[in-house]
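Since the structure of chain W is already known, use the hints to place chains B and D on it.
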Amino acid sequence: MEQGKIDSKQAILLMMSTVLPTAILTVPAVTVKFAQQDAWLSLLVALSVALIIALLIVNLGLRFPGKTLFVYPEEILGKIVGKIICGLYIGYFLQLGSAVVREFSLFLGATIMPNTPIVVFTILIIAVAAYAVRNGLEVLSRFNQLFIPLSGLLVIMFLLSSKEMNLTRVLPIFDTGLVPVLKGAAYPLNWLGLIVTMGVMLPYLNKPRRAYRVAVIATLLNGLFLLASIMGALLLFGPHLTANWLYPTYDAVRVICLDHVVERFESIILVMWLLGGFVKLGVFYYGAVLGSAQWFVLEDYRPLVIPVGVILGALSFLLYGENVADLDHFFTDAGIPSSVLIFEIGIPLALLSVDLLRGKGRRKG
Amino acid sequence: MANFTKLSKLKPKSLGQNQEQDKHPAEQPEKVGLSGVPWKDQILGPDLETNIRQIKAILNNCSDVIYREFVLAQNERIRLALVYMDSMVDKAQISEQIMKTLSLEVPLVVIGEEITQAQALEFIKQRGLCIHQVKESDRFRDLIHAILSGDTVLLVDGHPTAIINETRGYESRSISESETEPTVRGPREAFVESLGVNISLIRRKIKSPDLKIETLRLGEVSGTGVALVYIEGIVNESLVSEVKSRMARIKVDAILESGYIEELIEDSPWSPFPTVNHTEKPDRVAAMMLEGRVAILVDGTPFVLSVPTLFVESLQASEDYYERFWFASAIRIVRFLAMITSLVLPGLYISLVSFNHGLLPTTLLLSIAAQRETVPYPVFIEVLAMEITFEFLREAGIRLPRAIGQAVSIVGALVVGQAAVQAGMVGAATVIVVALTGIASFVFAYSTSISFRLLRFALILLSGVLGLVGLISGVAVIGIHLCTLRSFGVPYLSPLVPPTTVDLKDTFIRGPWWAMLSRPRLVVKEEQQKQATELKPTPPETRS
Amino acid sequence: MRKRIASLVLLVLLTSLLPGCWDRYDVSDLAIVGGVGVDRVSSGRIRMTLQIALPSAFYGGQGGNGGQSTAASWVVSGEGKTVADAEAALEKVVPRKIFWDSCGILVVGDQMARQGIGSVTDFFLRHGSTRETMLVMITKGEARTFLETSSVLERMSSQATQILDKINVGYSIQLWKFAEMLDSKGIEPVVPWVSIQKAGVVPEPGKGQSQVEQPVLSGMAVFRGDKVIGWLNTRETRALLWLKGKETQGAITVPSPDGSGPGTSVKIRGGSAQIIPEYDGRSLRFQVNLDMNADVMEQTKNEAPVQAGTIKTLDTRTAQVIKQRVTEVLHKAQRDYGVDIFGFGQAFHRSYKKDWREMKDRWDEDFTGADVNIAVEAHVHEIGLISQGAGRSKND
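Residue numbers (my numbering), protein chains in the order written: chain W, 1 to 365; chain B, 1 to 544; chain D, 1 to 396.
Bound-form chain W, shown alone (with noise of 0.2 Å):
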């Protein structure tokens, strides 16, 4: 099926490229609207949050060597509810690539360039990452490692808006209490959570060993880049402004200008989203069709890579409404907490624990 392998680097960085493109944009300004200017603490709870995620998916995935996050459900529940497991994680991996096909047309066709269709976008980003899913896992990672350099850019650019940041404008800590911070952490963490596609990557690390090494570090990663980020903007904004706007980062790269020589950097956002963007999209992509093909049992998952993107591009007019605002409300509303608890938490928790009962009985007997 899968014959590439990649290495934990690697592996760490396509887990934060199936993070941050995105997140990066819009987990600020969700955060802080429930939270003010404590939602660096509701990252924080995020975050913490996501490590336990991280670490039960490893040690699920460790359990049996050489098989996905589609196959072992088989092995710990029985064929048939193990095939039905299979089906929602594919579903889901549909629901998280088909998201970001709209999430990225609708940017594109909304924001940048308002008379081309957005169907020409989704054709265009399902296409490439399509092109990508089709040469493997291990090409995947390559050409994010090959991009990945750019984001040092973002660093700079965090650097230069630095003189614009004003330390006060998160003070008073903890001035909302604690259950808006609680409530501020739920979107974070539906983006941290999606540390289990570690499910799907594992069995192809090449060292399987360092897997706890790579989920942990990767979590931790895109935790310093979302906190930079929503630390980043409130700075520079305060809570009020970056709770008012849709994209707070991409605003903050905006209002950098140095003396007029270093600005209109926004366009360096623009170029890094989208390349992370087909990265993200190709990580799901890759999850729905590797996942097809192990549901029936396929040679070769080649043969799926154009169906699925044509079911993508479908999900993602179906799914997510008109326009941002509706796109918006399916993530805070109606998705993310059930997909948080369902397939991030539920799942493989329930999985991990009907394994160990099994596994102390067999041992037992």
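If you're looking for bench data, these hints aren't it; they were derived computationally from the structure. If you're wondering where the values come from, they're calculated on a predicted model, not measured in any experiment. Hints are supplied without guarantee of correctness; some may be wrong.
The calculated lysine-lysine pairs, modelled on DSSO-like cross-linking and capped at a C-alpha distance of 30 Å, are [said to hold, decoys possible]: (1) W/Lys33 with D/Lys207; (2) D/Lys227 with W/Lys183; (3) W/Lys9 with B/Lys91; (4) D/Lys177 with W/Lys183; (5) D/Lys353 with D/Lys244; (6) B/Lys125 with B/Lys91; (7) D/Lys185 with D/Lys353; (8) D/Lys312 with D/Lys360; (9) B/Lys91 with W/Lys5; (10) D/Lys267 with W/Lys33.
So, partial list: chain W residues that the calculated Cβ filter (under 10 Å) puts toward chain B [claimed, not checked]: (11) Ile112; (12) Ala132; (13) Gly136; (14) Leu146; (15) Phe147; (16) Glu266; (17) Leu270; (18) Gly282; (19) Ile347.
All residues carry an ideal CB built from backbone N, CA and C; glycine is no exception.
Below, chains B and D without anything else, positioned relative to chain W:
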């Protein structure tokens, strides 16, 4: 000839060629010798006349073949014959060192002894010939091949064996300075069209018994000599056998240039990127082999192939290793910038001018707007037209005789550069962009720059439709494609992706010689130290 | 398979090519806006004025005649019930696609500003094509008149204003900063106040002179919410900036160390300001500590030279002047306008977050009644390249 039936199974790269070749066996009837056996498999007979007749039958209508019959001075009953190609041999050598010694001088050496016919062949070989290299053969295949390569065949009556004398002496170009890879510092000599000379050029660089040269003959009609050259102990053995097996697959009628072989042994035949590199500089080939690569020399061309090829090679020039490393590193970064420029600049320009205006500073935007007030076509068409014009000029510059070439460049510069801008048909900014792109494409390796030229047009189209978004998508596709490429099993983008930290010393920068301790890991497939550590020179502690 | 993928990509490309290029606007199809003005006209309608750059005036090459004779801008207005209406009206007049991204300034006439500019900033922030870094300014009179003025050194008044603003650090309020101040509790916005003044002449050989009108910074407009309620002149503005701890330029004259002459000019380089709130549940007090740095700019010739000994005196005198100026503007804000333009409220929020919850909605009243104690320390650093006033030795 039976091999031709397999031709259709060759990789599709040379589909057109194949059809042509398939006709050959049918149109050219086998030259059947007297005995009815195909001549290639025939063996010499003892009778001189029959043998000569046979050769004449094979080489009929070849007016440049010379048959010279004479007798041995020692014993006039022993008849001899020389067969050679008129224009391919060193005639002085034949007359002085074969004819003269055999027909005149031999008696002086051995007086009073009658040489019998049975002894003749051995006697001639041992004492009669003053030729450096002689071989014996009893196959017509070998004889004909020897004659066609400029050797002289000596037939002795009564012996079913012929002596092949090495007498090649045809005109070839002398070694001159490289025209495609000129250098400021470093050896200037370049390969020539002769395989023998080229091998000698390499041998002169690497005087080691480990330098292995394996020759083979490719092309059913052309019979071109091809040499695989590598350094045993450095090269990865599996690479050599892989190259050999890929070369063995080649069944074509002719190899006229190493480009034929390049296309027939590539890993990704559809890719626009060259996964087999070529050079005409012996020092570069030597360096490649010292990094564990295999060089493929082809008779008749100065361009030598080297595999496996990495993408970063297009940023490297042999000169980098001779200049000081600071400068060499800076130049490499410049080349990299030029590479990116030549790929994306026109697309970026189109995106900025007709889609994403907001990314241009206002003053620049106004200036471009002013230039474009009179331009009739959208910038996309304008850039495309100018790029095509530039390709015209470039191609004209290469194809035209030197003397006219200059005139073309003057006309090109005047017409395109000035008149078009002054007439308001083309914006000055467009000319600047196209010219800059053109210049940038000359900065790095030519073979890669051709690929980039093609891809640039694709990016121009994409940018013309979707602006920056199209451009980035195009670049992403190119990036993914580069990630999929391999050259003889080695990832094309290594050591960048997957990154091999140690090998990064010789990519965008060129590390100092004392720091580059090992050979490229992915090429030689293992860790190989190439020089001593602690080579970094230090000044003496005492100062006078 | 590879071929099939390739043909798919090609197909996608072709299909996207077929309907043409949707968002393609050549630069020559754009009306490049340099500045925008918003006024409220007598009928209660809103008028938007655009200063559109004429590209040929900006072209330095052989083709364009880059002389001064070419007009640099076209100022055009449109009216409507709302800001968006006015823009729609403009789109019917301007024969090209209006390009907002280059728009550097937003000028609001005082008629409009007094009745609230929330709708204006909302329009431009929501717009998406304008930049958040656009400078916001208020002018007494009409924004249109302001934009109709041309500038001498720069080609357009909008450009000139941007540069003025850049030189006078501390003044500039970008749109996003204005929005932030508008959104935040505990600080009220101030926005630069610009006007047109006669400034010098351009001598033209044979024709005499032509009077030049030039945009100038006249001070700051003080807001309550999104409405302008008052003005600060440049003198007060500078004190405001000191109090906010912002870098600023400009000289003040302080009595010279020996008390003679008209005084020594001292350039304030800026410094730091610290606002410490003290609240015991009833009375609200603020301790403001200013630490300013200054350089000597000019001495009149009768003064004693600045020396190591006298520089301390100069320090205290400078501090006194600064304190007096700051007190002036503080009183103006507290007594005349009754708004907290300094951010005392934010400082209070940081220190007393529980009390803030009940006070934030009546902050203006609390602020007006607050007791503010100002402590200034000044340090004169550079005395310039000469130690004595020129010509002083002759007098001795």
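Hint by hint, here is what the structure shows:
1. At roughly 64 Å between alpha-carbon atoms, lysine 33 of chain W and lysine 207 of chain D are farther apart than 30 Å, so this suggested pair is violated.
2. With a C-alpha separation of about 35 Å, the suggested pair lysine 227 of chain D and lysine 183 of chain W falls outside the 30 Å cut-off, and the hint is violated.
3. A threshold of 30 Å between alpha carbons decides the hint, and for lysine 9 of chain W with lysine 91 of chain B the separation of about 68 Å lies outside it, so the pair is violated.
4. For the suggested pair lysine 177 of chain D and lysine 183 of chain W, the alpha carbons sit about 28 Å apart, so the restraint of at most 30 Å is met.
5. Restraint check: the Cα-Cα separation between lysine 353 of chain D and lysine 244 of chain D comes to about 21 Å, which is no more than 30 Å; the hinted pair holds.
6. Distance restraint check for lysine 125 of chain B and lysine 91 of chain B: the Cα-Cα separation of roughly 20 Å lies within the 30 Å cut-off, and the hinted pair is therefore satisfied.
7. Pair hint lysine 185 of chain D plus lysine 353 of chain D holds up; C-alpha atoms about 12 Å apart against a cutoff of 30 Å.
8. Taken as a hint, the lysine 312 of chain D and lysine 360 of chain D pair is broken in the structure, with Cα atoms around 42 Å apart against an allowance of 30 Å.
9. Our distance criterion of 30 Å between C-alpha atoms is broken by lysine 91 of chain B and lysine 5 of chain W, whose separation comes to about 63 Å.
10. Straight-line distance between C-alpha atoms of lysine 267 of chain D and lysine 33 of chain W comes to about 44 Å, which puts the hinted pair past the 30 Å bound.
11. The interface hint given for isoleucine 112 of chain W holds, since its Cβ lies 7 Å from the closest Cβ of chain B, which is under the 10 Å cut-off.
12. The beta carbon of alanine 132 of chain W comes within 5 Å of a beta carbon in chain B, closer than 10 Å, and the hint placing it at the interface holds.
13. Hint status for glycine 136 of chain W relative to chain B: holds, with the closest Cβ pair at about 9 Å, below 10 Å.
14. Because the beta carbon of leucine 146 of chain W sits about 5 Å from the nearest beta carbon in chain B, less than 10 Å, this interface hint is met.
15. Interface hint status for phenylalanine 147 of chain W: upheld, as the beta-carbon distance to the closest one in chain B is roughly 6 Å, under 10 Å.
16. Given hint, glutamate 266 of chain W at the interface with chain B, holds; its Cβ is 8 Å from that chain's nearest Cβ, closer than 10 Å.
17. The criterion of a C-beta within 10 Å of any C-beta in chain B is met by leucine 270 of chain W, whose closest approach is roughly 7 Å, and the hint holds.
18. Of the supplied interface hints, the one on glycine 282 of chain W holds, with its beta-carbon coming within about 9 Å of a beta-carbon of chain B, less than 10 Å.
19. Below 10 Å, beta-carbon pairs count as interface contacts, and isoleucine 347 of chain W has none with chain B, the closest being about 32 Å; its hint is therefore violated.
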